[in-house]
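Read top to bottom, the protein sequences are chains S and H. 1 is the number of the first residue of the first sequence in this note's numbering; add one for each residue after it. 485 is the number of the first residue of the second sequence in this note's numbering; add one for each residue after it.
Among the hints, erroneous ones may be present.
Unchecked claim - To give an idea of the chain H side of the interface with chain S (calculated C-beta under 7 Å), a few residues:
#1 Asp571
#2 Arg678
#3 Phe680
#4 Leu682
#5 Ser689
#6 Ser779
#7 Ala783
#8 Gly912
#9 Glu918
Claimed, not checked - Some but not every residue of chain H turned toward chain S, in silico, with C-beta under 7 Å:
#10 Ala492
#11 Phe494
#12 Ala594
#13 Gly640
#14 Gly679
#15 Gln684
#16 Glu736
Unchecked claim - Ranges between beta-carbon positions, derived for each pair:
#17 S:Asp297 to H:His609: 31 to 37 Å
#18 H:Lys898 to S:Asp297: 54 to 60 Å
#19 H:Leu704 to S:Ala314: 26 to 32 Å
No lab work stands behind these hints, which were simulated from the structure alone. Glycine included, every Cβ here is placed at the ideal spot set by N, Cα and C.
There are 2 protein chains.
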Amino acid sequence: MMSHPSPAAFLDQAAALLGPRGLTTDPERMAAWLTDWRGRYTGRALALASPASTDEVAALVKLCAAHRVPIVPQGGNSGMAGGATPDDTGTAIILSLRRMDAIRSLDATAGMAVCEAGVILQTLHEAAEAAGTRFPLTLGGKGSATIGGLVSTNAGGTQVLRHGTMRAQVLGLEAVLADGSVFDALTPLKKDNRGFDLKQLLIGSEGTLGIVTAATLRLLPAPVGRVTAWVGLGGIVDARSLLRRVERDMGEALEGFEVVPAHCLDAVLAHLPAARAPLQAAHAWNALIECVSASADSAALRDRLETSLAAALAEGLIEDAVIAANDRQAEAFWTLRDSISAAERAIGPAMQHDISVPVEKMPEFILAASPAIESAFPGTQAVAFGHLGDGNVHFHVLAPPGAVRGEWEESHGKAISAQVHDLVTQWGGSISAEHGIGQMKVAELARLHDPVALGLMHAVKRALDPLGLLNPGKLVTVPPAACT
Amino acid sequence: MMSHPSPAAFLDQAAALLGPRGLTTDPERMAAWLTDWRGRYTGRALALASPASTDEVAALVKLCAAHRVPIVPQGGNSGMAGGATPDDTGTAIILSLRRMDAIRSLDATAGMAVCEAGVILQTLHEAAEAAGTRFPLTLGGKGSATIGGLVSTNAGGTQVLRHGTMRAQVLGLEAVLADGSVFDALTPLKKDNRGFDLKQLLIGSEGTLGIVTAATLRLLPAPVGRVTAWVGLGGIVDARSLLRRVERDMGEALEGFEVVPAHCLDAVLAHLPAARAPLQAAHAWNALIECVSASADSAALRDRLETSLAAALAEGLIEDAVIAANDRQAEAFWTLRDSISAAERAIGPAMQHDISVPVEKMPEFILAASPAIESAFPGTQAVAFGHLGDGNVHFHVLAPPGAVRGEWEESHGKAISAQVHDLVTQWGGSISAEHGIGQMKVAELARLHDPVALGLMHAVKRALDPLGLLNPGKLVTVPPAACT
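Make a model of the complete structure from these sequences and hints.
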């Protein structure tokens, strides 16, 4: 091992490399980026670096390697697992990609756009729409989430059922590796069998194997028709049967299938005075269904979905259903769905879990896990809602009435999450369906993940980041390899 | 390094482990598996091992690691690049997966099947069809190609345009790693962000990182309608314009878009006395278009395609077109397409190249590369045909009239292929679109591939196979790591 020069020498060379806009150690300018947006994690940093180009990122990473300075890559700082927040040693730099925000190219005919890591999702949506096309991934944080962060965390969202996660949108990738070399696989080839698909390794690796600087993303034809429905059901098993029926009847037009239990709908209606229940009566479960087509128009989609739901009603599979009369009403349905977390926070403390199991097992999982948790932690209530079509629900455990915010999470949170994660693992599921591991779940991953898979991850991490400088303490924590 | 025990000791323990059906050293029983099906490569082997279960594979690999015996995994032995043929040292064993041919489960409702590595593609097609569903990947070798081989080579075929390569069909994977541990990621989760997607590393790695023992594959709804058309065009640029138009008009129903130049059609018609040209006049280029739908019936598809082609004809984009009147005629169209290679072999020697470039660049590539090759090698003729929709054509260079088979390939083949590969690389393409690297292209990959990508592949190979025992000499050749 070489000796570690002083931070001052590193900072001088970094400043010379990046210029005044590219580097700051000013506590006030750094403050906003040292805490994650949910305020759960706060760290310290040697500096905030904001390179303006891939070459600057590469030169900076080389400099960090020479000085053994850890790097915490950061996009919009809107992650859910603390993956972009440094630890409290103050030895690492934050490498912000936000200045690299160019859409290098957008070709509607070929159906692809080359975006730098700092491009904000909302910006890409607007650019695609202006070109008469569509980028088929969206999520709540679209106003701040960046392409680099979305790729590095393999983000999901509400259109995964049909279009897949970020992994399915990435046609090509550019990244800076731990030694400062540039991996350029931006050119999209529909067929390429020249060995390992290395970009797949970088997607979802949370900046621990390399720093994504740009991506070639697929664009789809703009939607022609859209139809949204709210359905009342007697049970979650019926919801799965309805999912299969609508999949069969609507084919590739089915884009979203979300489930909402009565408790969540009630909480939202209490939380939003202006909101109204879509259906007359209350139902144990609700399903929010959205179908989109680039060929069929809204009237045609509406006819097909009406026929499908009418048959389901006649069979007694569903209790009631309403199809949104217009975009405003469809919007209102989605507002109900998107307000669940906020509505529950208003009621009291809760432990939230982003978990998945095989799609066909999800109803049985919910029916088994909820009472198990509620009996293990008397007074709690377990509620599951979200992306049934993806086998991914947000499993929230609500505190007993009167529990004190902060205290309750502190005293019960860890035990509750551990048991939820144990159950998910027993059911062959994932303790992180879409939010990633970051620093929040790194210990739980080490505790519960398949040792063979963990061993593979360690081997790959050591091979690609032998000095352990890329986002240390996140996702996979291994000592540097013996031989470097 | 430990000392290497004698082969005899290894063979005794392997025989005890696998039993008489599981191991043979009989030259006659091994002979068929020591040469690839095209007869280009022949090797020698210490033994042919045919384990019956994942546990037997794991135990055998542990034994090989202890005795430092190289392993050449083999499925149907129908690869195109010699990837399943051992070298001539006779130190390696062939590990055949053919005895592991169980379809462990098939769930038409959930749309997935768990197949062991030795399941033959045709067998899976029939099982899926019997269950009222469909496995959406097919290719010429379906009668012998196994699931393990198809996964390990990320196989393509004629439906990639819509359904993607094998990578897109793999929902879960089971593999035995270099140390004999079993990586079990068979349970399919639509969303799982627990770090690196390790199964992606094994897909397409040609047995150099692990041995695929089983895979969970996606099944799609059975087709309801199908329509096939043969189109005459004046040029290859028009073919791309037609592709874009049909993509727009047929949407996700477009499943195949193949191009055939006049020379190839003439060769096939001369080669197959019974074959007839689909169109009255000759055209510089022909396109074979197939659309399939699980919802629209054949009549509806036919109407839509007719409207699309009529508009293209009115615009002068195409010269003529015919839609197959029935399955028999559609079959006849495909026979013309599938007989090109055989027809050209009958004419004389040729150098064949399986290459890809970005879809939107393929016409310009063909127009630039063909004359470049023909002028560099006087008397040759360059013909390109195949999957225009995937940016993947088979680029064949035909020998001058009178060239002697064998001699000509020997004297000119290497120089011709090198120049074709140089051109493809200059155009940002791949020297192996779907056939893989195997031993055939390993030197060309080392010569032409991005050094950064090669370095990553070497690092990953060293990390996952430190002893270098998994399919040595194939795809990526690196010395064992310094520290193991």
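These are the hints, each one checked on the structure:
no., hint, in the structure
1, Asp571, "19 Å, violated"
2, Arg678, "6 Å, holds"
3, Phe680, "5 Å, holds"
4, Leu682, "5 Å, holds"
5, Ser689, "6 Å, holds"
6, Ser779, "5 Å, holds"
7, Ala783, "17 Å, violated"
8, Gly912, "4 Å, holds"
9, Glu918, "5 Å, holds"
10, Ala492, "32 Å, violated"
11, Phe494, "25 Å, violated"
12, Ala594, "5 Å, holds"
13, Gly640, "6 Å, holds"
14, Gly679, "5 Å, holds"
15, Gln684, "4 Å, holds"
16, Glu736, "5 Å, holds"
17, S:Asp297 to H:His609: 31 to 37 Å, "36 Å, holds"
18, H:Lys898 to S:Asp297: 54 to 60 Å, "57 Å, holds"
19, H:Leu704 to S:Ala314: 26 to 32 Å, "28 Å, holds"
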